[in-house]
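**Q** Residue numbers (my numbering), protein chains in the order written: chain A, 1 to 204; chain B, 205 to 517.
Don't read these hints as lab results, they were simulated from the structure. Where is the CB? At the ideal position from N, CA and C, for every residue including glycine. Incorrect hints may appear among the rest.
Chain A side only, calculated, beta carbon under 7 angstroms to chain B, not exhaustive [said to hold, decoys possible]:
no., residue
1, Thr45
2, Ala89
3, Phe125
4, Asp156
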Amino acid sequence: MRFLTAGTRTLLVEVGGLEEVGGLHESLRDSPPPGAVEFVPAARTLLVTFDPAVTTRESLSAAIAARRVSTTGPSDQRLVEIPVVYDGADLAEVARATGLSSREVVQRHSAGRYTVAFGGFVPGFAYLSGLDPLLLLPRRPVPRTRVAPGSVAIADQFTSVYPRESPGGWHLLGRTETAMWDLHRDPPAFLAPGRHVRFVEVQP
Amino acid sequence: MIEILRTGLLTTVQDLGRPGHAALGVGASGAADRGSLRLANRLVANVESAACLELTYGSLTVRFHAPGTVALTGAPCPAALDGRMVGMNGPIHVQTGQTLEIGMPAAGLRTYLAVRGGIDVPPVLGSRATDTLSGIGPTRPATGTRLPIGRAMDGYPVVDLAPVRGYADDVVLRIIPGPRDHWFGSAALTTLCSARYEVTADSNRVGARLDGPPLQRAIHHEMPPEGMVTGALQVPPNGQPVLFLADHPVTGGYPVIAVVTDGDLDQAAQLRPGQSVRFRPARTNLVTSATARHPLPQPAGPPALDPRLAPGT
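With the sequences and hints as input, model every part of the structure.
**A** Structure, rendered in structure tokens:
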């Protein structure tokens, strides 16, 4: 566990990987150390914001370092299915870059069993882990300024669905009608950390 | 009730934001210059977190449909109530039917208009803040919008005029290195703390995009996404830092070389496009193991100016 400084009242706690982040986040969220006010889990890090009137960087770091973290914590075992029309703008390019055919890209993506690792970027955007290693590509060198809502995309070790129109640098494989974010729903996010997900190919 | 007769570049309803939803991908948002929003609320004896209007480059005309008390803080704008000039940073008493016309600020970027009782649009996830990145929050006020006034009062206005700091042309913001300063070459922090960076025109509530000497990375592989904070200086591949403001994304995939201290965030939110900004390390003992590897430039005296970037050239 490594503690990095991120401004006046935030720590960036770096750990080994997704499972450790999940375990640490769960432990801290369920019984927060004094003064810890907000947590942002991500791929290898947990961002911890604290109230300097209550605690110090040193004592908070010590409290976090003392946590015994389970990496096999309980996750939500329900499986949700997301129907996808695989006609994304980058399908051919992903096929070329990975040395697969477009058909194989679709088959490998829809065969995956994914787990929601963490959220971020914009509300409802979920980073799903479990991507086929053959589909691992860096983000596009120049991000698009507009990606349509419902776009199903991959980048690095993750896949996701863009909840709303936004800029985006991921490779677009297809689209879904399933709303990722709806403020009239409780909770508004369709995919919460720990949830299991599969993508099901449908015809347009 | 107040009625919007004319808006400028961007007028939004803001309060102190909605912290606590970051794990869902929802940022805190809220006033970019939080100190000015708090002051505006205190001047009209509202609770500090009451919702106000945040004006970008001023330019707003409103009509009051009830008597009340209002206050303007932040970037100083000329303002007139039914044609009679009124000042910044003090309570202004208004009568039913009167019109307040706010012009453009000579310095600074964001002005706050508080109304006694607070703007009472429906809260979303516990806040009336407008998050321009995620689209969460109230509808943007436009000509003809009528905004209800609430009862978020706390006592009675007692101060006639609040002293405030002025707006300097030459802004220096204090930074704390990290969390990813070790992803950059050893010269990058020195460059950041000695050069001038110009705020570019594509800056907004998400961030101030800066233009200056590029910050060279030493580690070139992709960074896994990680949590971002307000004040972060995130460095995309072109080396030009982006200073994250109130509506920044909750996570980001480019390394953050340093973070502007909490105490200087309000000043950062008042930087206007075309203005230049400098950075210097905060006097702090918060040096991490990672930052200890790079000696920091010392905050002794103003850094040498690059003559090409001197004012007036």
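**Q** Against each hint, give a clear statement of whether it holds in the structure.
**A** Verification of the hints:
1. Thr45: Holds - the Cβ of A/Thr45 comes within 7 angstroms of chain B, reaching about 4 angstroms at its closest.
2. Ala89: Violated, about 20 angstroms.
3. Phe125: 5 angstroms, holds
4. Asp156: 6 angstroms, holds
Comparing the model with each numbered hint stated earlier shows that hint 2 is the single one that does not hold.
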